[in-house]
Amino acid sequence: MPLPRKLIKVTPSRLGTWQDCRRRFRMAYVDRPTPPRGGPWAHSTMGAVVHNALKALFDLPVERRTPDAAAALVGTHWKDDGFADQAQSGVFRERAAGWVRDYVADSDVTADPVGLERWVSAPVGTIVAEGRVDRIDQRGDEVVIIDYKTGRHALTTDDARGSQALALYVLAARRTLRRPCTKVELHHLPTGTVAAWEHTDASLGRHLTRAEESADEFQLAIDTHKAGGDPDALFPTTPGRQCGWCDFRRSCPDGQAAGPALDPWAMLAP
Numbered sequence: 124m125p126l127p128r129k130l131i132k133v134t135p136s137r138l139g140t141w142q143d144c145r146r147r148f149r150m151a152y153v154d155r156p157t158p159p160r161g162g163p164w165a166h167s168t169m170g171a172v173v174h175n176a177l178k179a180l181f182d183l184p185v186e187r188r189t190p191d192a193a194a195a196l197v198g199t200h201w202k203d204d205g206f207a208d209q210a211q212s213g214v215f216r217e218r219a220a221g222w223v224r225d226y227v228a229d230s231d232v233t234a235d236p237v238g239l240e241r242w243v244s245a246p247v248g249t250i251v252a253e254g255r256v257d258r259i260d261q262r263g264d265e266v267v268i269i270d271y272k273t274g275r276h277a278l279t280t281d282d283a284r285g286s287q288a289l290a291l292y293v294l295a296a297r298r299t300l301r302r303p304c305t306k307v308e309l310h311h312l313p314t315g316t317v318a319a320w321e322h323t324d325a326s327l328g329r330h331l332t333r334a335e336e337s338a339d340e341f342q343l344a345i346d347t348h349k350a351g352g353d354p355d356a357l358f359p360t361t362p363g364r365q366c367g368w369c370d371f372r373r374s375c376p377d378g379q380a381a382g383p384a385l386d387p388w389a390m391l392a393p
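Those letters in the sequence shown? Residues 124 to 393, by the working numbering.
Using C-beta positions, here's what the derived DEER-type ranges look like: (1) 161 to 346: 28 to 34 Å; (2) 377 to 231: 44 to 50 Å; (3) 159 to 263: 47 to 53 Å; (4) 364 to 128: 34 to 40 Å; (5) 163 to 234: 32 to 38 Å.
With a Cα cut of at most 20 Å, we get these calculated SDA-like pairs of lysine to any residue: (6) 202 to 174; (7) 132 to 251; (8) 178 to 255; (9) 129 to 298; (10) 202 to 274; (11) 306 to 329; (12) 178 to 261; (13) 178 to 231; (14) 272 to 391.
Calculated directly from the structure, the hints in this document are not laboratory data. In this text the structure is predicted, and so the values were computed from the model without any measurement. We put the CB at the ideal spot given by N, CA and C, even for glycine.
Turn these sequences into a full structure, and let the hints steer you where they fit.
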């Protein structure tokens, strides 16, 4: 009797990296030691600060969860990593504080979330779906998956529906928390908008199938590489605009040839 198949651990980051560029996947998850990464990006710093400030807000007593307190927490957690200089950093610190202040002013922050930066992990189909959820709220009998976004562009229902990460969080949260979960929300702080989607078993099944297919592909490439396969053939590059901000650009001649490197602050909204 054949041994049961080993489940493949999957995170949204792994899946996204595999789908974007297999060479980057190899350098991030296969090569040891890991090739040196590039420096910090200002937009990533800004996003992390906003996440940390909102997490810290819910650690406060309810009566202290005010818009001004939330804005002050941005200053508490702020870092200058990736910014051109302190002047630019200061401009965006104030911008982020304004986003968080407005968000809290327009939101009900009196209820304690079920989870903040909560790690969820569960076997589903042929994979183990894992990831860290920004926030999980209890609403009635169900829990809702919430993801904070700080990017340049407003988000739509299509973004919420098409997010493989959010779908995997739903599947993992159901098993981890043992509660019903179908709804996902993208909270875009720069515009103060919420893009929501209510998943069905069919829509979750489609996301799961795609995740399983990608997991099978990258696990086969990893196993073949371990058996002596050509790493460059198994993990080819996908040159494009994204090479300008790839963390492994310095170790990838194809990426360097694809175009110039971006400044660490280039992806900030104007």
